[in-house]
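Chains as they are written, first to last, in my numbering: chain A, 1 to 152; chain U, 1 to 282; chain F, 1 to 406.
What the hints contain is simulated information worked out from the structure, not anything from laboratory work.
Predicted model, so just to flag it, every value in this text is computed and none were measured.
Even glycine gets a Cβ: it sits at the ideal position worked out from N, Cα and C.
These stretches of chain A come out as covered by chain U in the derived footprint (C-beta under 8 Å, 3 or more residues):
hint	segment
1	65-73
2	142-149
Here are the simulated SDA-like pairs of lysine to any residue, each with C-alpha atoms no more than 25 Å apart in a straight line:
hint	chain 1	residue 1	chain 2	residue 2
3	A	Lys-136	A	Arg-42
4	F	Lys-325	U	Pro-103
5	U	Lys-19	F	Ile-131
6	A	Lys-136	A	Gly-76
7	A	Lys-136	A	Phe-13
8	F	Lys-159	F	Arg-174
9	F	Lys-140	U	Asp-11
10	U	Lys-19	U	Lys-36
11	U	Lys-36	U	Arg-24
12	A	Lys-136	A	Gly-56
13	U	Lys-36	F	Asp-127
14	A	Lys-128	A	Ala-47
15	A	Lys-136	U	Ser-202
16	F	Lys-325	F	Pro-114
17	U	Lys-36	F	Ile-131
18	U	Lys-36	F	Asn-126
19	A	Lys-136	U	Asn-234
20	F	Lys-272	U	Leu-279
21	A	Lys-136	U	His-188
22	A	Lys-128	U	Pro-199
23	F	Lys-140	F	Asp-51
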Amino acid sequence: MAGLEHILREHAFFAACPEDQIALVAGCARNHRFDPGQYLFREGDPANEFFLIRHGKVALEIAAPAQSPIVISTLGEGEIVGASWLLPPYRWTSDARAVELVRAVGIDAACLRGKCEADHHLGYEMMKRFAPILVKRLNATRLQILNVYGKR
Amino acid sequence: MPLLTAAAQIDPFVPQLYKVAHVRRELSDVVTLEIKPSQGSRPSYAPGQFNMLYAFGIGEIAISISGDGTDSTGFVHTVRDVGAVSRAIAALDIGATLGVRGPFGTEWPVTAAEGSDILIIAGGLGLAPLRPAITHVLANRARYGRVAILFGCRHPEDILFHDQLAAWRGRLDIAVEVTVDHADSNWHGHVGVVPALIPRVSFSPHDTVALVCGPEIMMRFTANALRDAGVASNQIYLSMERNMKCAIGLCGHCQFGPTFVCKDGPVMRFDRIERLLTLREI
Amino acid sequence: MSEDCRNRAMSQNVSEPATTSSDGTALPVRAAAAVISRDGLQALIDALAADHCVLGPTVRDGAIVYDEIAKLSQLPAGWTDNQDAGRYRLERRADDALFGFAVGPESWKRFLHPPVETLWTARRDNDGFSIEAPSVTRRKFAFIGVRACEIHAMAIQDKVFLAGAYADPGYGSRRRDAFIVAVNCAEAGGTCFCVSMGTGPQAESGFDLALTELHDGSRHDFLVEVGSDEGASLLSRLPQRRADDADLEAAAAVIAQTRSQMGRTLDTDGIKDLLQTNANHPRWDDVAARCLTCGNCTMVCPTCFCTTVEDHSDLAGATAERVRKWDSCFTLDFSYLHGGSVRQSGSARYRQWITHKLASWIDQFGTSGCVGCGRCITWCPVGIDITEEAAAIRAHPTSGGQHGGT
Numbered sequence: 001m002a003g004l005e006h007i008l009r010e011h012a013f014f015a016a017c018p019e020d021q022i023a024l025v026a027g028c029a030r031n032h033r034f035d036p037g038q039y040l041f042r043e044g045d046p047a048n049e050f051f052l053i054r055h056g057k058v059a060l061e062i063a064a065p066a067q068s069p070i071v072i073s074t075l076g077e078g079e080i081v082g083a084s085w086l087l088p089p090y091r092w093t094s095d096a097r098a099v100e101l102v103r104a105v106g107i108d109a110a111c112l113r114g115k116c117e118a119d120h121h122l123g124y125e126m127m128k129r130f131a132p133i134l135v136k137r138l139n140a141t142r143l144q145i146l147n148v149y150g151k152r
Numbered sequence: 001m002p003l004l005t006a007a008a009q010i011d012p013f014v015p016q017l018y019k020v021a022h023v024r025r026e027l028s029d030v031v032t033l034e035i036k037p038s039q040g041s042r043p044s045y046a047p048g049q050f051n052m053l054y055a056f057g058i059g060e061i062a063i064s065i066s067g068d069g070t071d072s073t074g075f076v077h078t079v080r081d082v083g084a085v086s087r088a089i090a091a092l093d094i095g096a097t098l099g100v101r102g103p104f105g106t107e108w109p110v111t112a113a114e115g116s117d118i119l120i121i122a123g124g125l126g127l128a129p130l131r132p133a134i135t136h137v138l139a140n141r142a143r144y145g146r147v148a149i150l151f152g153c154r155h156p157e158d159i160l161f162h163d164q165l166a167a168w169r170g171r172l173d174i175a176v177e178v179t180v181d182h183a184d185s186n187w188h189g190h191v192g193v194v195p196a197l198i199p200r201v202s203f204s205p206h207d208t209v210a211l212v213c214g215p216e217i218m219m220r221f222t223a224n225a226l227r228d229a230g231v232a233s234n235q236i237y238l239s240m241e242r243n244m245k246c247a248i249g250l251c252g253h254c255q256f257g258p259t260f261v262c263k264d265g266p267v268m269r270f271d272r273i274e275r276l277l278t279l280r281e282i
Numbered sequence: 001m002s003e004d005c006r007n008r009a010m011s012q013n014v015s016e017p018a019t020t021s022s023d024g025t026a027l028p029v030r031a032a033a034a035v036i037s038r039d040g041l042q043a044l045i046d047a048l049a050a051d052h053c054v055l056g057p058t059v060r061d062g063a064i065v066y067d068e069i070a071k072l073s074q075l076p077a078g079w080t081d082n083q084d085a086g087r088y089r090l091e092r093r094a095d096d097a098l099f100g101f102a103v104g105p106e107s108w109k110r111f112l113h114p115p116v117e118t119l120w121t122a123r124r125d126n127d128g129f130s131i132e133a134p135s136v137t138r139r140k141f142a143f144i145g146v147r148a149c150e151i152h153a154m155a156i157q158d159k160v161f162l163a164g165a166y167a168d169p170g171y172g173s174r175r176r177d178a179f180i181v182a183v184n185c186a187e188a189g190g191t192c193f194c195v196s197m198g199t200g201p202q203a204e205s206g207f208d209l210a211l212t213e214l215h216d217g218s219r220h221d222f223l224v225e226v227g228s229d230e231g232a233s234l235l236s237r238l239p240q241r242r243a244d245d246a247d248l249e250a251a252a253a254v255i256a257q258t259r260s261q262m263g264r265t266l267d268t269d270g271i272k273d274l275l276q277t278n279a280n281h282p283r284w285d286d287v288a289a290r291c292l293t294c295g296n297c298t299m300v301c302p303t304c305f306c307t308t309v310e311d312h313s314d315l316a317g318a319t320a321e322r323v324r325k326w327d328s329c330f331t332l333d334f335s336y337l338h339g340g341s342v343r344q345s346g347s348a349r350y351r352q353w354i355t356h357k358l359a360s361w362i363d364q365f366g367t368s369g370c371v372g373c374g375r376c377i378t379w380c381p382v383g384i385d386i387t388e389e390a391a392a393i394r395a396h397p398t399s400g401g402q403h404g405g406t
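Only chain A is shown next, with the shape it has when bound in the complex (with noise of 0.2 Å):
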C-alpha cells in the first residue's frame, strides 16, 4: 500500500493532492503491466477501473471493418486512460492498446465511486482532477477535426 501512495503521489493526475485522499484512493489501486499490443480494455466492455500511465504509450483505437483500427489518440506518462468508469452505463467506448510496454496503476472503479459518494470531498477532488483533462481533451479533439493541414 505504501508503494502504491507513493506511485500515486507522484503521479502528474494527483499532483498536490492531500495525503488522506490519497491514501484512499490507493485503497482502490493496483499495479498493472501491459505488453505491446496488449488491450487495457475494449470498447463495449464494462469499465470498471481507470488507468494512470507511469511509463509506455496506450492507444485509443475505434476497430472499423476492412481497415486497420483508426487511432484516435495516443497517450503517455503521466496521463490518465479512461472516462467511462465515471458516468452510466460505465462501458468502455474506444479499444485501448499498449503500443509498447506499459506500466500502469489501476483504480478500481467501483471501489472508487464507493468512496466518493461516502466522501463528496473526495468526489469533488476528483472531479476537479477529470475535469480539466476531459475539456482539453476536447478542445485537442475539436482542432484534430477541423484538418488544418489539409489544402482546401
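Starting from the structure of chain A, add chains U and F where the hints point.
Coordinates of chains U and F only, in the frame set by chain A:
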C-alpha cells in the same frame, strides 16, 4: 522638389535570375528546390525570411527559405503546389530559370534566444520555414539550453523532412516528438494534436523561447497551450501568412491589423498580435 | 497651433523670410510675396512648359479634372463644384474665378503613382529568360493648382513609398522632379473637412510656389508665395509686383473665409484607439448594408496606395511582363489566401478601409491617412460619409473586439 530621402538605388521590383540546381520530392504535392544565382552570389539571409519566386509569365509567390545549412551558394525553398504559381514553381526541372526577389521579412530570434531553452513547434509545411532556425540552433548547440522540436501533421505519410527528423531524433542533445492527427494502428508514434506534445518535453517555462509555424489555427492553439504551460506571450514567436504581392510594404495586401506581414513579419511576437488573431476577417 | 497663430506665422513669412517650418525642419528662405496678374500666370505656365509637362484643372465630362494645360482659357474659369455625399455637380459662378472650386474626382496621385505601370518585361532566351526594367522616359511634371490637402496627401504618399527600407524608384523620381504650384482654397466644398485633419485650407509648405486668387469687382490677381529656390528662380522671371499689406490682408481673408466654410467635420481625438478597439462594432454591419464595395472611395482617395500586379505573357510564351495596377481593399481578391479571402464580408472590408485610413496608418507611417478632401464622400455612389461613420462609432463605442497596435 521637396527634399526627399534618396531612394535606394536598386529597383526592388525587379527579380534576379536563378537556376534550379536540385529538386527533391518531399511529399506527393511538395518539392524542395535548391536554386543558384545565374550571376554573382546570393544575398545573405536570416532564418525565417522569405523570397518572392517568379515563374515566367505566370506570377510570383512568397516562399520561406527552408535551407538546412548546406546551401551556402544558393537558396533552398520547399513549395507545395496549391495554386497556379506554386504549381509552376514546383514543376521546374533542374536547369530551369526562375526570378527571385528577396530575402525579405523578419527573422526567428535565434540570437536573442541564446542561453534559453528553445521549443520549435511546427505543423505540416510549417517545418520548412523553421528548418533554417533548427539548423542554426543545432550548429550552435552549446549556446542554448534544452532544445525540443515538436512536429505535427495530418497523416504519417505527410511527415515533411522525414529522414532529417529521424536524424535529429537520433541526437542525444535534443528532444524530438512527432504526432499525427490521423493514423491507423500501423503507426507507432503519437496520435493527437501538436499542442498535446508540449507537456511531453521538459523546459523551463520562464526561460524558454518558442518558435511556432504552421496553419494559423494550429499556431493559435499552440500559443495558448504554451501560455498555459507558463511561457510568456512575449517569448512566443509565430510566422504569419497573408496575401503578399510586393513583399516590401508598398502594395498594402498583406495588412494584418496595423502590421504588414511582409515587413513587420512573417515572424511576429505573439503578444503583439494576440488580439488580432481572434478577430474575424481582420 | 491655433488659427490666429497660423495667420500670424504667415504674415511673418511674408514680411521676414522664415527659416523653419511649423514642424521645425529647415525651409528654403522665402522671398517676399509677389503679386502676378492673369498674364503673369500664363507666363508661369509658359515658363514651366519649356521643360515640364504642365498639368492643371480643366472641365471635362461634367467634372473638373487634371490634365495637360497650355493656356489659361483651359482652366475652369467661372465654374464651381457643388458637392455633397454621393453628389457632384458643376455650376456656374457669378464671377470668372479660375480656381473657384474645391477638388474633383482625380488627384495628383494618378500622375505620381499611376493607375497602370509596367514594372518590367521578361524575354525567353536560350538560357531561360532575362528581365529588363522599362526604359525610363521620364516626364517632369508641373502641377498647377495643388490644394493644401493634396500637398499633405503627397507628403503621406512620400512616407509610404519613400521612407521605408525599400523605396518605389518610379514614384521617387517623378516626385522629386515635380514642380508644385499650390493654390490656397477660396471655396470649401460641401464634403471638405481639411480643417479637422489639420491639412488646409492654406498651403504652408511642400510647394514651389503658392497662389491665392484675389478676385473682386476691381481686380483679378494672384498673390504668390515662394516655397523653394526653384520657385523663387521661376518667379523672378515673371512680370510681377511686390505684395503690399492690402494684398496680404486680402489673401488672409480668402483663407479665413474658406476655413469657416467646411462642409464636414471629423473628430480625430483618440481616433486610432477608437477604431482599433471597435472592430466588432455593429455599425460595420450597418454601413455594409449600404456599401456596394465598389472601391470608388479608394480610387478617388489621394492617399490610398494599394496596388496589385498582373503577370502576362504573349501567346507564344516568348515575352512576359509584370504590370502594377491600383487595387482596392474593397475587392474580394485583395485578401486572397490560398483557397479563400480573409475579408469575405463587406463589413470587414469597409472596416479595413476606414480603420486603415484613420487608425492603422498612424501605426504604419506616423500620420493619419486622411487629408479631409471629401472625395470619398462625394464619389460614393450611395453617399457613405467617412465623417458620419467615424462619428457613429464614437457615439456608441463598444468595449469588445480589442485590436492591438504594435
